[in-house]
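Protein chains in written order, with numbering that gives the first Met the number 0: chain A, 0 to 353; chain B, 0 to 348; chain C, 0 to 280; chain D, 0 to 280.
For the record, the hints were derived by calculation from the structure and aren't laboratory data.
It is possible that some hints are incorrect.
[Said to hold, decoys possible] Taking lysine-lysine pairs in the BS3-like style, the calculated list, with each CA pair at most 30 Å apart, reads:
hint: 1; chain 1: D; residue 1: LYS183; chain 2: B; residue 2: LYS110
hint: 2; chain 1: A; residue 1: LYS163; chain 2: C; residue 2: LYS141
hint: 3; chain 1: D; residue 1: LYS179; chain 2: B; residue 2: LYS73
hint: 4; chain 1: D; residue 1: LYS180; chain 2: C; residue 2: LYS94
hint: 5; chain 1: C; residue 1: LYS269; chain 2: A; residue 2: LYS338
hint: 6; chain 1: D; residue 1: LYS179; chain 2: C; residue 2: LYS94
hint: 7; chain 1: C; residue 1: LYS93; chain 2: C; residue 2: LYS192
hint: 8; chain 1: C; residue 1: LYS60; chain 2: A; residue 2: LYS190
hint: 9; chain 1: D; residue 1: LYS249; chain 2: A; residue 2: LYS198
hint: 10; chain 1: C; residue 1: LYS269; chain 2: A; residue 2: LYS137
hint: 11; chain 1: D; residue 1: LYS249; chain 2: A; residue 2: LYS240
hint: 12; chain 1: D; residue 1: LYS180; chain 2: B; residue 2: LYS127
hint: 13; chain 1: A; residue 1: LYS38; chain 2: A; residue 2: LYS53
hint: 14; chain 1: A; residue 1: LYS53; chain 2: D; residue 2: LYS78
hint: 15; chain 1: B; residue 1: LYS129; chain 2: D; residue 2: LYS78
hint: 16; chain 1: A; residue 1: LYS338; chain 2: C; residue 2: LYS51
hint: 17; chain 1: D; residue 1: LYS183; chain 2: D; residue 2: LYS106
hint: 18; chain 1: D; residue 1: LYS179; chain 2: A; residue 2: LYS53
hint: 19; chain 1: C; residue 1: LYS269; chain 2: D; residue 2: LYS106
hint: 20; chain 1: C; residue 1: LYS93; chain 2: D; residue 2: LYS209
hint: 21; chain 1: C; residue 1: LYS141; chain 2: D; residue 2: LYS47
hint: 22; chain 1: A; residue 1: LYS189; chain 2: C; residue 2: LYS141
hint: 23; chain 1: D; residue 1: LYS180; chain 2: A; residue 2: LYS43
hint: 24; chain 1: B; residue 1: LYS110; chain 2: D; residue 2: LYS209
hint: 25; chain 1: C; residue 1: LYS227; chain 2: A; residue 2: LYS338
hint: 26; chain 1: A; residue 1: LYS153; chain 2: C; residue 2: LYS227
hint: 27; chain 1: B; residue 1: LYS152; chain 2: D; residue 2: LYS47
hint: 28; chain 1: D; residue 1: LYS249; chain 2: A; residue 2: LYS338
hint: 29; chain 1: A; residue 1: LYS163; chain 2: C; residue 2: LYS227
hint: 30; chain 1: B; residue 1: LYS100; chain 2: D; residue 2: LYS209
hint: 31; chain 1: B; residue 1: LYS165; chain 2: D; residue 2: LYS183
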Amino acid sequence: MKRFLSRLLSGMLMVLAFVNVANAQQVLRIITWKGYIPKELQEKFEKETGIKLKITYSNNEEMLAKLRATRGGGFDLAQPSADRILFAAKKYKIYQPMDYTKIEAKNIKPTLLKATKDISGGYAVPYCFGTTGLIVNKKYAPDANDWSDLYNPKYAGHIAYRLKRPLLIGVAFAMGYNPFKLYNNTPEYKKMINNVAQKLIDTKSYVYAYWNSGDQQREFAKSGKVWVETGWDGIGWNLHKENPDIDFIAPKSGALGWIDTFAIPKRSKNVEGAYKFINFMLKPENAAVFVNHERYQSGSNGVEKYVKKEIKADWGRTFDKKNLENIKWYPALPAACAKIEAEALERIKAAASR
Amino acid sequence: MNILEISSVSKHFDEVRVLEQVNISVEEGEFFSILGPSGSGKTTILRLIAGFLYPDEGDIKINQKSIKNFPPEKREVNIVFQNLALFPMMNVFENVAFGLKRKKLSKETIKKEVAKMLKKVGLNGFEKRKIDELSGGQKQRVALARSLIMKPKILLLDEPLSALDKKLKEQMMLELKLLQKDFKTTFLYITHDQSEAMIMSNRIAVVNEGKVEQIASPFELYNYPASPFVASFVGENNRFEVKDRNQESVITENGWKILLTSPEKKEILKNRKVSQMFIRPESFVINPKEKEVLKGKVKTILFDGPHTKIFIETEYKDEILVNLKRKINGLKEGDTVSLGIKEDEIRLF
Amino acid sequence: MKSDCSKNRLLLIYGLIVVGWIFMLIVLPHTGLFLSSFTNDDGKFTLANYLKFFNQKIYYKTFLYTFFNGILIAFFSFLISMPLAFFLTKNIPKKVSNFLLTILLIPLGVGELIVVYSWMVTLSDNGLIKHSLQILGIDVPKLLNTPFSMTLGFVYISLVFMLLPIMQSLENLDNCLVEAALDLGASKFTIIKRIIIPFAMPGIVSGTIMVFTMVIGDFLVPNILGGKSALWFTEIIYNNFLTTLNWNLGSAFGFLLLLGSVFVIWLLIKITGQQYEKVVK
Amino acid sequence: MINGLVSKRYQASVFVFTAFFFLFWLLPLFVISILAFNNADYIGFPFKGFTLDWFFGSGNRVGVFHDADLLQALFISIKTALLVSAVSLFIATAAVLYFEKAKSRFKDFLYYLSVSPLIIPGVILGIALLTFATTILYFFQDHSSIDLSDYLSPGFWLVVIGQISFVTSYSMLIVQSQMKKFDKTLEEAALSLKASRFEVLRYIVVPYLKPSLIKAFLAGFLISFSNFNTTVFLVGSDPTLPIYLFSQVKYNLTPVVNAISFLIIFTITAFAFLNFLFGKE
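Start from the sequences and build out the full structure, keeping to the hints where you can.
Laid out in structure tokens, this is it:
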């Protein structure tokens with residue numbers, strides 16, 4: 000028994016020792032999106048600086064939730080979308096203002112940097128941007144070109160989307176609203192969202208399935224069962240390479256433009272490391288690795304030099320001048336709107352499909 | 000010299016009083032039994048001595064020193080439990096050595112002592128045996144060895160023989176008595192079986208409902224019980240409710256009038272209230288040569304080797320038990336017999 | 000009066016450990032949850048969180064949907080467990096039944112996530128079932144993300160929690176009782192209804208409680224296997240905590256879920272006339 | 000066995016039912032195990048040939064053994080489970096001894112509380128612990144210079160603390176079922192042989208409980224290792240394996256998930272059968 004007890008005890012001590020060893024090295028804990036830090040860049044950064052990266056994959060909502068529970072602790076660097084920063088920084092005080100003097104501004108596209116500063120209220124630096132639009136299989140749905148095709152009876156049973164806020168915003172545009180103008184008019188905004196939700200509930204039976212991940216987006220499109228789905232440009236372009244029938248389409252009423260950023264949580268334990276990492280990732284040659292991999296647009300100035308030719312072509316193919324001007328960039332999202340949307344999304348999810 | 004003195008001890012659990020003003024003293028080297036039916040409080044007395052319980056009132060002394068507030072490990076007593084409580088995860092050696100190890104004796108001493116003890120109880124060579132590989136009698140001896148090796152001032156035995164079959168029980172009674180003589184240790188034996196107590200003990204305390212009824216030698220208990228309870232609990236007895244009495248006779252509730260002539264009985268009838276009468280089965284004489292006091296009809300005869308039990312329905316419709324030594328003199332069920340009584344063996348309360 | 004245990008200092012240590020665990024890790028957190036459910040964003044008292052539940056159709060509808068499914072799935076589990084439990088305890092040798100039981104327990108050890116994921120793959124459009132049927136030229140409707148797949152997943156993960164308590168009850172059933180009933184001319188139906196089911200009742204009730212609470216508190220199955228309309232109450236709680244950051248509303252919903260499940264358990268015990276102590280064990 | 004009194008037809012039908020049942024039972028695990036070796040970049044069928052890439056690949060296809068994130072999640076899960084099951088076992092043993100000995104008036108009340116995590120939906124336990132920990136964390140941050148972020152904000156330690164809260168209940172029941180068979184006179188015998196209370200615990204009680212202690216440790220390990228519903232609210236930058244796999248399934252599904260599933264299924268199955276063959280119970 001003595002042996003059993005002592006073995007148990009020593010086992011526990013060993014575990015504790017492991018925990019301590021893990022803490023000893025200098026670490027940078029990042030919460031980000033899957034794919035934003037390619038393995039190649041991670042290894043390069045760790046070798047250059049000796050700082051070990053600890054990466055947690057997440058999305059906008061969970062990022063906020065995690066940082067809220069810790070009051071901006073637990074992570075040293077986050078990558079939220081620009082429009083999700085301001086109210087969280089104000090209300091929950093989870094981010095620290097960005098010290099732009101520590102950023103190598105020459106490596107960032109100036110207009111994008113300014114836009115990000117404005118939208119985030121001075122809490123963030125842009126990393127990449129992209130659009131949400133439609134991924135369409137031209138073979139089956141040659142005419143699909145707007146958000147309204149997500150409830151077009153012609154494609155019933157072959158429609159997929161992610162039940163998240165971009166869907167509501169896109170459909171709102173298609174229905175003739177300008178949701179961003181209503182951001183500060185809560186009652187009107189609520190009315191609009193209710194109308195959008197009703198539309199989606201009425202047409203729920205057209206939906207093949209909801210997707211949750213880029214993978215599902217890809218799989219649905221590839222299977223031939225889904226003809227029209229919401230999607231991210233990078234994924235659409237990737238699919239186009241494999242199957243020319245499938246492509247990303249900027250909806251007639253406007254693709255939704257997002258900027259994903261770097262923001263430093265309030266209780267970051269490695270602020271220095273965070274700045275180092277931001278500057279590292281925005282170096283053109285590094286940013287290009289990411290672009291070549293994921294096909295998103297980088298915020299890095301001069302990245303084009305290193306980007307593969309066919310990738311450069313994507314953007315131009317989708318966004319002619321008209322489409323480009325029509326991109327609806329997300330302004331900072333007020334908290335009240337987020338709640339209204341969440342309730343609407345739950346309502347759509349719970350509705351029986353007729 | 001008294002090795003153990005229990006004075007005015009009371010104990011209750013919640014609202015129930017299980018012991019009331021108990022006084023017992025045990026002499027050194029004695030084989031002392033506490034006898035009582037289940038629920039009488041005898042086990043409580045044992046647990047009070049062992050230190051698993053503490054008295055509410057009164058005092059317990061060992062060698063004139065109060066141990067009332069000592070925890071079990073500070074008391075110089077050991078217990079042999081009813082189910083023996085041998086440690087199943089240890090072998091015979093480890094069981095017997097357990098107490099010595101707690102005393103932090105050296106390994107060699109322990110080994111020597113245990114070997115000596117096992118030899119004494121006739122278990123040498125059994126050291127490595129597991130407990131569940133032993134027979135009932137062997138387990139019994141391990142339990143005794145395990146306690147005796149501690150050289151207790153008093154060895155407490157909590158009905159250790161109750162689980163054994165009759166043959167083995169009788170054999171173990173003898174062994175216990177011999178061991179006790181051999182070790183000269185004071186044994187305090189708890190039992191509900193009066194024959195065990197009678198056979199082995201020097202003295203017996205009979206307890207009932209938390210009170211001590213009588214403390215005496217087995218002979219005295221049997222022949223001169225101090226209370227109706229002792230009279231009916233120790234040995235077999237015929238009991239009669241007394242409805243009425245006068246100077247020289249008592250009348251039972253069924254109307255049997257029995258004449259009592261000896262001066263001793265007259266004395267009692269004169270000075271005391273009488274409500275019960277006890278007559279031992281062997282105090283009856285069947286078809287006596289002189290002085291018939293009662294008539295009856297034989298109902299059942301139970302032959303049991305050395306003894307014969309005869310159930311007789313008397314003329315007053317009492318059912319009585321009569322013991323005969325072997326000879327039944329041609330009695331048959333249904334016979335009418337006359338009965339005589341040895342008057343000095345009648346007990347009145 | 001001096002306690003007989005007063006000298007046992009170890010008992011005090013045990014007591015402190017137990018009370019520490021129960022209060023720090025069970026009682027206080029739930030009290031905190033309770034208080035938080037009556038608080039608004041600024042830390043003031045409010046009933047709004049609960050009112051919201053009763054005012055918004057979606058919330059109480061989802062609540063009822065979740066509870067209804069919990070009971071339904073407990074019932075399905077019971078239907079499968081009962082004959083299986085009887086077979087395992089009464090019809091085959093102990094050794095074989097232990098072997099089968101080992102197989103039954105494997106998914107439990109593997110863990111819910113992997114098990115649910117495995118079903119997702121098995122039922123998906125290019126999973127084993129649809130794929131092999133397609134090779135044979137049979138086209139079947141979508142299996143994954145339908146009420147069917149969700150029910151299947153739930154029954155799969157909760158079955159042993161119904162089976163084991165029933166088996167435990169049946170093990171105590173003396174075969175003589177069944178034989179005596181047969182001897183007295185009882186039909187098979189009567190035996191099942193009058194002897195076997197009543198005997199298994201404590202097991203059935205505790206199994207139902209386990210399955211029910213597991214199902215209504217689950218997140219993975221409706222999320223991964225559930226259909227387009229399978230909004231689970233836990234998902235609303237999850238969303239409130241991890242999406243909309245409305246912790247107070249989430250707390251209120253969590254508390255309602257707890258209250259609801261306690262109520263159902265209480266009702267179940269009352270209806271079946273079981274004793275709480277027996278069932279809990 | 001009640002075989003003599005049932006008809007051949009009954010036996011046959013029960014046998015068929017059971018056979019189908021076990022086929023159904025193992026189907027998903029079987030499917031995943033096969034797909035773990037599929038030489039294709041997608042998750043499902045068709046089967047394109049055998050490969051070990053999803054285990055050992057390090058180039059285009061990153062296999063389990065080269066997937067640093069996955070290995071880290073696995074390592075964290077093991078670390079968490081070891082710590083949780085050890086601490087839970089310690090508390091559970093103290094609890095069992097306490098409930099065995101104590102004469103307190105609150106004993107029954109405490110006992111019901113201590114088994115309550117078994118019927119509280121895991122999600123509720125998760126949010127209750129999260130809310131409570133956060134409250135304490137904020138309190139210390141606001142009123143003192145003590146920062147308990149490392150322990151009370153979502154992360155490794157909060158997961159450990161949270162899992163202890165309910166794993167202890169399971170461990171307690173396992174240890175208790177053996178303690179119930181404990182002969183109390185063994186303890187008194189040891190006391191009578193001059194053992195101290197602690198020596199009684201060490202030489203008599205703990206050796207007696209050892210089989211159940213080991214069982215409880217293993218059960219605690221598995222429960223902690225596979226928990227999702229509670230952990231999801233408590234996890235921070237170190238996801239446990241189920242949490243990590245869930246995010247993979249949701250956002251980044253590759254056949255590596257099949258491979259790690261296969262490894263776990265294989266380990267558990269092997270362990271279960273070894274236990275069946277060589278274990279006593």
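Pairwise hint evaluation, LYS51/C against LYS338/A, where the allowed Cα distance is 30 Å at most: Measuring from Cα to Cα gives roughly 13 Å; hence the hint holds.
Hinted pair LYS183/D and LYS106/D, Cα distance within 30 Å: Status holds; Cα separation ~19 Å.
Proposed proximity, LYS94/C with LYS180/D (alpha carbon, max 30 Å): Holds, at roughly 24 Å.
Satisfaction of hint between LYS338/A and LYS269/C, Cα-Cα up to 30 Å: 41 Å, violated
Satisfaction of hint between LYS47/D and LYS141/C, Cα-Cα up to 30 Å: Holds, at about 23 Å.
Restraint status (C-alpha distance of LYS93/C to LYS192/C at most 30 Å): Judged against 30 Å, a Cα distance of about 25 Å means the pair holds.
Hinted pair LYS269/C and LYS137/A, Cα distance within 30 Å: Roughly 62 Å separates the two Cα atoms, so the pair is violated.
Straight-line alpha-carbon gap LYS249/D to LYS338/A, limit 30 Å: Holds - the C-alpha atoms of LYS338/A and LYS249/D are around 23 Å apart, at most 30 Å.
30 Å Cα cutoff - pair LYS165/B, LYS183/D: Holds: LYS165/B and LYS183/D sit about 27 Å apart, inside 30 Å.
Restraint status (C-alpha distance of LYS179/D to LYS94/C at most 30 Å): Distance of about 26 Å is within 30 Å: holds.
Straight-line alpha-carbon gap LYS100/B to LYS209/D, limit 30 Å: 22 Å, holds
Hint consistency between LYS53/A and LYS78/D [alpha-carbon to alpha-carbon, up to 30 Å]: Judged against 30 Å, a Cα distance of about 17 Å means the pair holds.
In this structure, the hints that do not hold are numbers 5, 10, 15, 18, 22, 23, 27, in rising order.
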